[in-house]
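*Asks:* Reassemble the complex: the two chains are provided individually, in unrelated frames, and hints are given to aid placement.
So you can see what is in the structure, the chains are spelled out below.
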Amino acid sequence: MTPEKAGGATNPETTTRTGTEGSATLRRDADALVVELSGDWALEGATPRFARLVVNGADERSPDALDFEATELGAWDSSLLIFLVQARSYCETHDLEFREAGLPGGIGDLLELARAVPGRAIQDPPVAASFLARIGSRGLAAGHAVLDSITFLGEVTGGVARMLRSRCRMRWQSFWVVVQSNSSGALPIVTLIAFLTGMIIAFLGAAVLRRFGAGYFVSYLVGYGMLREMAALMTGIIMAGRTGAAFAAELGSMKISEEIDALRTLGISPIDHLVLPRVLGLLVAMPFLTIYAAFVGILGGMVVAITVLDLGVTQFVNGLLTAVTISDGLLGVFKGTVFGLIIGLVGCMKGLQTGTDASAVGRAATSAVVLGITLIIGANAVIDWLSVLLDL
Amino acid sequence: MTISEMGEIPIEVRDLTLRYGSVTVLQELNFQVRRGEIFVIMGGSGSGKSTLLKHLIGLNVPAEGAILFDGEEIGAADATLRKGILRRIGVLYQNNALWSGLTLAENVALPLEEYTSLSRESIDEVVALKLALVGLRGFGALYPSELSGGMRKRAALARATAIDPEVLFLDEPSAGLDPITASRLDDLVLQLRASFSTTIVVVTHDLDSIFRIADRALFLDITEKTMTALGPPVALRDDPPSEEVRLFLTRNRETGGAPGAVRGDER
Chain A
6 MTPEKAGGAT
16 NPETTTRTGT
26 EGSATLRRDA
36 DALVVELSGD
46 WALEGATPRF
56 ARLVVNGADE
66 RSPDALDFEA
76 TELGAWDSSL
86 LIFLVQARSY
96 CETHDLEFRE
106 AGLPGGIGDL
116 LELARAVPGR
126 AIQDPPVAAS
136 FLARIGSRGL
146 AAGHAVLDSI
156 TFLGEVTGGV
166 ARMLRSRCRM
176 RWQSFWVVVQ
186 SNSSGALPIV
196 TLIAFLTGMI
206 IAFLGAAVLR
216 RFGAGYFVSY
226 LVGYGMLREM
236 AALMTGIIMA
246 GRTGAAFAAE
256 LGSMKISEEI
266 DALRTLGISP
276 IDHLVLPRVL
286 GLLVAMPFLT
296 IYAAFVGILG
306 GMVVAITVLD
316 LGVTQFVNGL
326 LTAVTISDGL
336 LGVFKGTVFG
346 LIIGLVGCMK
356 GLQTGTDASA
366 VGRAATSAVV
376 LGITLIIGAN
386 AVIDWLSVLL
396 DL
Chain B
35 MTISEMGEIP
45 IEVRDLTLRY
55 GSVTVLQELN
65 FQVRRGEIFV
75 IMGGSGSGKS
85 TLLKHLIGLN
95 VPAEGAILFD
105 GEEIGAADAT
115 LRKGILRRIG
125 VLYQNNALWS
135 GLTLAENVAL
145 PLEEYTSLSR
155 ESIDEVVALK
165 LALVGLRGFG
175 ALYPSELSGG
185 MRKRAALARA
195 TAIDPEVLFL
205 DEPSAGLDPI
215 TASRLDDLVL
225 QLRASFSTTI
235 VVVTHDLDSI
245 FRIADRALFL
255 DITEKTMTAL
265 GPPVALRDDP
275 PSEEVRLFLT
285 RNRETGGAPG
295 AVRGDER
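Line by line, the protein sequences are chains A and B.
Position in the first sequence counted from 1, then plus 5, gives you the working numbering.
Position in the second sequence counted from 1, then plus 34, gives you the working numbering.
Just to be clear, a hint being listed does not mean it is correct.
Incomplete in silico selection of chain A near chain B, CB under 10 Å [stated by the list, open to error]:
1. Ile-112
2. Arg-120
3. Asp-362
A few chain A positions that, by computed beta-carbon distances, are all more than 10 Å from chain B [said to hold, decoys possible]:
4. Leu-86
5. Gly-141
6. Arg-167
7. Leu-197
8. Glu-263
9. Ile-265
10. Gln-320
11. Ala-328
12. Thr-361
13. Ser-364
14. Trp-390
Some chain B residues judged to face chain A by a derived CB distance under 8 Å, without partners named [said to hold, decoys possible]:
15. Ser-151
16. Ser-153
17. Leu-163
18. Leu-167
19. Leu-181
20. Gln-225
It should be emphasised that the hints constitute simulated quantities derived from the structure, not laboratory data.
Bear in mind that the values here come from a model prediction, so they are computed numbers and not experimental data.
We put the CB at the ideal spot given by N, CA and C, even for glycine.
Here chain B stands alone, though its shape is the one from the complex (with noise of 0.2 Å):
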């Protein structure tokens, strides 16, 4: 529904390699993330998978293969056409980085400032709207330092999302957050994709989250320093590809509850 050149595949990863110095990362790479759906990329601490992420966000240059935004390589961009990538993707950050020294409404405005061509009025109505759809309606003149976490997490959403970007990357998203917080953002993560039909790459390890949100998962196994598995979270369950990715999805039934179960109610 929402404004988008793009075509179907938004992001597209081929052959990718990921190494810190001479130190291999992650190996092997090769998957697509559709238009539209809400794709996870899941796996234990330590398996790549914020490294992943800060790849697919052009942070870091893979040292092989190639990431393919929309079919530009980012790697090859040159400026404008980098400028133009990043124009259309928000991203949240696992310690959601709002700018200490400048408000809420700022830390929402400055994105808006930089991309387009807006007119102050306009700015201030969109960051009033951006704070109001997490909740924030009033606390634009407040410093992150004077939130709570999950009022942080919140305000680093509505700045993810001040743009309307096409792809929005979600780093841990439920990281330091209580289930019912973390719930009300899987429901806004949701409520995102369905009015405005955004691509949302969400990397996490929150097996509530994982089930309740994703269309597709991306498990990366840290032994084999490679993606393993992708599919529906639910359809990985029932029939894994491989022991880790049955531990890893079962985890919470072995302990004692259902996948979902706590969160499950409020569906």
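Okay, chain A solo, but in the shape it has when bound (with noise of 0.2 Å):
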């Protein structure tokens, strides 16, 4: 018998005993050591660790088993559960009995459920991979990224096919509730966007006509401008942020609650009753809103143009007409339309790629915003080199 102080000089808080706080001792009984458990328990207080009890505690004699004496043990919590588990590990490792006799009536129980081996095999960390597997897995990835894409376009135009021939039902009602929130519900932001563009465009047409004296081309600049490139190009990448975000979330959102699976299980293609209406009803409401644009815009530019260049309205609306042309105008309301479209389409498709948790709806928002506006800039690239080629 040879009481050990728990923690010796080295923890010295465990070993002072404050009349409430948890704390325990170590003495040698026979071929045992027993633990005298006492005060509260509490996992905020300080509670003692069994290694450094039994650090402290060694004997030169190995013992056979480990008792436990709960008198003066108070209340306790799972700071007490932790105290035990650690005792128990050590004793399966050092060969000693484990005898839960003197712990109050039911921690032992608690202490075969923390045992219990889980049902599954426990997963294996991912094993960190190399530089070259980590470009050939990106690079399937993209294949895979490719494919699926084209698949989701060939299943919408399935989609447009069977509506064509009136196969699938569209979904009306939320085609007009797409068309409103992407034109009524558009307007303000786009307004706003639009002006300041075409202000921003003569303010640059001020700068630098001034220069040649040729002050009255500036409408000549606003009007090509936003007509040709800025109002589809600005309409567009407000849109891919405020509709094809949404179209993402949504759809994300939905794919998450198990609402598409819902129906798919019915036969409904979720192509046709969800990624149509959007689209379709994105499409239509591009065009408007890129003539509105170009008017905004164009608005914008003539404030700056009476203010800064001191142009006359007259003037500067005799400039646009004589260098302007409709077909600039219809480059740009076509333009607008594939923008609708390609924001329509990408928010859909990466609403419907969506993993399974809440960080993948937004994964798919950011994605769809990102892709859509590279998409559009990319576009434009390309139908302006067109135009170009085929001298419109």
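*Replies:* Below, the structure is given as structure tokens:
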């Protein structure tokens, strides 16, 4: 019987009994080690650790068993369980018999629960892949993404074909909702951005053209710039951020809550039911938005021309009408329509490809916007190049 | 046995009326939950069980009446007191509500980081213990989306019990679980109560579970919009205070098996 204080000099806080603080002391009793538990054991208190206890309680004669005395034990919580789990694993590694007879009732069962082996093998942590393997898997993933996009495009085309042959029931109600929210609903932000864009082009023109005494041509620059390029591009970027992200998030959360599976099991194609109304709705709304944006932008440019360049309204309008042709406007509208198609398709595709957790919805929305804007600008460059070739 | 400054009545509900807008969901509720008991709130679908639970855990504010948590009114509590109250409760939500962006270990660790000043090492120990207690040892690095429904439920229970709550609220714990898994969960609930003397409030309509674990049960009547029975479930079944209660508690018998027959064998 050689009583040992827990912790010893290295760990003074466990040796001082403060009346309520939980503590454990180790003593030798015949062939067994006995742990005396006392005080109140609380997670946030300084509760003893079994490893420190046995380091100081080590004895020359190896004991056979570990006993517990809990007569002075007060209240306890998980901290005691953690201590006992440590004690038991010590017993297992040192060939001691773990006697739980002295422990408070019920705790043995909890220890047994904590010991139970999970029903399924624990997954190995993924091994870090080599550089080449990473390149390969990235390449494969990119290939799959392209394949998925082509499949999706094919499905949508099939859906449109079914619709044209009136073999699928389009949800006209949600079509109109999409048209409304992307036309009148988008007007405020489109107005603001287009007006400012027109002003920016006019400022640009004022700075450059005035040097050559050609300030008069600012209306040409604004009209040509807005109609052919900026109206469609700015509207496209706004709608990619506004509507493309919304489509992706909406369909993504529908996928997570198994709403899309529910449609499939009813034999309803999610393409027909969800994608077509959105893509077509945006396709219808975008040309009108582009025309509107062009007019607002020209208005913004006119404000700058009048206030900064001292041009008159008639002068501005005359300059505009003599320089700009109807084909400039048609090109812009064509671009806007293409952009609308891109935004709708990308948003819906990313939504339907969403993974299974909440953060996947965020990723889907992000990549819908990023991919949408990238494709819009790419398409813009291609169309411009073609228009130069075709001399439009 | 557990550390508790609580009185004998952790939860008291006085003249409680619950409304959504102008629609009264429940009215004239009066009951007390005793310390260390398993208190079941039962009733048919739409009877307001989950609404009542939302009020008990302070998410919703009652329209009339008061909910006293250990003598303190949650609705009137200031931020400090409220946090003190929330520190002492744990909630298992109906759909688990595990944070999908965090691993299981991080899910269980978050309440500990929020409410205790434990070191990283101690938190890891507690997390390992809590996951082991629900049979998920070694699953800590997985994300909730990688688990089956039953495992998610158990992980959510590990999170609910992370800070050794004095009162544990369980919303439909057996929903979506197979009878054997549900029965194991009941075992776990009984074990928690036996070991930590946790007061447990369970919202359920699972009869097997009610007869298995409940010390007392509260019946919410959907037509009366109030509580029509309170007592040990067996007593309520043998001497039902109303026809609704009798139907609810004997439903299983009329459809074939005695309550608890399926899982009674495992007792």
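*Asks:* Failing hints, ascending?
*Replies:* Of the numbered hints, 4, 12, 13, 16 and 19 do not hold.
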